[in-house]
Amino acid sequence: MGKKIMAGIVCAMLCLLTGCSSEETEVVTQQKNDEGYIVTELTTAVSDNPNGQISEESSAIVSEVPVSTKNDSTQPSNNGTVTSSWFDDAVFVGDSVTLKLNYYCDAHPEALGNVKFFCAGSMGYNNTQFNEDDEELIRPYYKGATQKTEECAVVTKSTKVFVMLGMNDIGLYGVDGSLESARTLLTKIHENSPDAVIYVQSVTPILEGFEGETWNNTLIQEFNGKLQELSDENGYHYLDIYSIMADESGHLRKNYCGDPEALGIHFTEQACEVWCDYLKNHV
Amino acid sequence: MIKKIAVILSVAMTMGSVLCACGDKEENTSQVNSAVSQNVVQEKTLTDVFSDIKTQVNVSEMVEFQDVSSLDRYYGITAEQVSEFAGGINNSGVEQEEIVLLKASSDADVEALKTALENRRQSKLNENKNYNPEQAEIIEKCSVETNGLYVFMIISPNNEQMTQIFKTDLNLS
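So the protein lines, in turn, are chains A and B. The first sequence begins at 1065 in this note's numbering and counts up by one. The second sequence begins at 347 in this note's numbering and counts up by one.
No lab work stands behind these hints: they were computed from the structure. Hints should not be assumed to be uniformly reliable.
Footprint (simulated), chain B over chain A, 3 or more residues, beta carbon under 8 Å [unchecked claim]: (1) 1166 to 1179; (2) 1186 to 1200.
Computed Cβ-Cβ distance ranges for the label pairs, DEER-style [as the list claims (entries may be wrong)]: (3) B:E426 with A:A1326: 52 to 58 Å; (4) A:V1218 with B:A454: 48 to 54 Å; (5) B:T391 with A:K1290: 52 to 58 Å; (6) A:Q1334 with B:E506: 33 to 39 Å.
Listed below are the simulated DMTMM-like cross-link pairs for lysine to aspartate or glutamate, each with C-alpha atoms no more than 20 Å apart in a straight line [to be verified]: (7) B:K400 with B:E426; (8) A:K1207 with B:E430; (9) B:K475 with A:E1199; (10) A:K1221 with B:E430; (11) A:K1207 with B:E480; (12) B:K475 with A:E1200; (13) A:K1212 with B:D418; (14) A:K1207 with B:E483; (15) A:K1207 with B:D398; (16) B:K475 with A:E1196; (17) A:K1207 with B:D515.
None of these values were measured; they are calculated from a predicted model. C-beta atoms are modelled at their ideal positions from N, C-alpha and C, and glycine is treated no differently.
Kindly produce the complete structure, drawing on both the sequences and the hints.
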């Protein structure tokens, strides 16, 4: 009897001593089983020595949830939309309007996933194709260096290219001059990355009161119409962003304009949200 | 019987001592920490400095660097090159205010960080010089600076005030 009491006390002591110095860490792992279900497993690793070596493990299945058997980034959801991860292998080429989308997506990773941006303020279809020694050449800045716009898909390892340029072209080169440059640049992008799918986004509207004689919503809509024809001829996917940003008079909606005191063309956070939703429903 | 009771009591006392030792260890450690903190002035982190800048100067709405992948996307700077970072970029796409505060991992990384920020500054200048001269002027007045392991670029109309806060907070000359 006495020996049993002693053994019990010694065991209790050992347990207490172990409790003083051991550390528990939990590791969650997920694996897909043969039936296409994700099995989440919680593993508790116990370290009870000063070197942190794991000496004991216990594990338990926590939950099971069904998953699609296909890659999420290529699979539309049941309601015809795509999820944000669909844009993980997409690059957006654009000017300062798209730069705003870049910063919006940085602050809202749920918007377009791990999308890449190839942008530069004031960039247009024309000035991004100027000669190397031209001081007015504008190229996108990506990962610490300026890059050739036509290499957007190669540099970012993307298979989907979204282009929105033209706002900085129409006033300087007119509708037809801008369109010819668009044709050349889009061809170069295609030649550099023949397997990439190209989405051509329309130029977006100007806020009421900010239009000029050579730079206005009438010319933008004329350009967009020709851009759509160009896209149809060449197998590019045309996306009408103009219509979702315009009010009934064809101007940029006031609540979508982020610079009503300056140029009247840049977007608010709300407009970016609408833009992302449109893309998810129309790509 | 008396011997058994004596043994049990002896074991119980040992247990008590062990338990007390567990408790004392933390107490002793906190006493040491307290003594150290009285003698050493806590150095400010770059996050503290950026916070001071935002508190003391009017900073525009920014998308702030949440993790090192932001530095990679914008500047091509990797996690291995920096031991600390803070800052952000004006989120309008038009205004050019941009605050980048870096601490290099080693002396060997300083030059590469400086080059990355200078490339960024030059790119912003090119984009704005013919399109937004007012913003181009702000960029032109600012520069990339280094001080020891610190590399920083403050593009802002309040550049001088922000630079002063940066240097004061970090006891830099």
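Outcome of the hint check:
Given as covered by chain B, the segment 1166 to 1179 of chain A passes the check, having 5 residues with a CB less than 8 Å from a CB of that chain where 3 are the minimum. Counting residues of the segment 1186 to 1200 of chain A whose beta-carbon sits less than 8 Å from any beta-carbon of chain B gives 3, enough to reach three: the coverage restraint holds. The hinted range of 52 to 58 Å is not satisfied by B:E426 and A:A1326, whose Cβ atoms lie roughly 40 Å apart. As the Cβ distance of A:V1218 to B:A454 is approximately 30 Å, the hint placing it in 48 to 54 Å is violated.
Judged by the Cβ atoms, the range 52 to 58 Å given for B:T391 and A:K1290 holds: they are separated by roughly 54 Å. Distance hint check for A:Q1334 and B:E506: the Cβ-Cβ separation is about 35 Å, which falls inside the suggested range of 33 to 39 Å. For the proposed pair B:K400 and B:E426, the alpha carbon gap of about 27 Å is over 20 Å, so the pair is violated. A hinted pair counts as satisfied when its Cα atoms are at most 20 Å apart, and A:K1207 with B:E430 qualifies at roughly 19 Å.
A distance of roughly 10 Å separates the Cα atoms of B:K475 and A:E1199; the hinted pair therefore holds under the 20 Å criterion. Under the criterion of a C-alpha separation no larger than 20 Å, the hint pairing A:K1221 with B:E430 is inconsistent with the structure, at around 29 Å. For the suggested pair A:K1207 and B:E480, the alpha carbons sit about 26 Å apart, so the restraint of at most 20 Å is broken. The hinted pair formed by B:K475 and A:E1200 meets the criterion: a straight-line CA distance of about 9 Å does not exceed 20 Å.
Taken as a hint, the A:K1212 and B:D418 pair is honoured in the structure, with Cα atoms around 19 Å apart against an allowance of 20 Å. For the hint pairing A:K1207 with B:E483, the CA-to-CA distance comes to about 24 Å; that exceeds 20 Å, so the pair is violated. The suggested pairing of A:K1207 with B:D398 is violated, with an alpha-carbon distance near 28 Å, which exceeds 20 Å. Distance check on the hinted pair: B:K475 and A:E1196 sit about 17 Å apart at the alpha-carbon level, within 20 Å; holds.
With a C-alpha separation of about 30 Å, the suggested pair A:K1207 and B:D515 falls outside the 20 Å cut-off, and the hint is violated.
Going through the hint list in order, the structure does not satisfy hints 3, 4, 7, 10, 11, 14, 15, 17.
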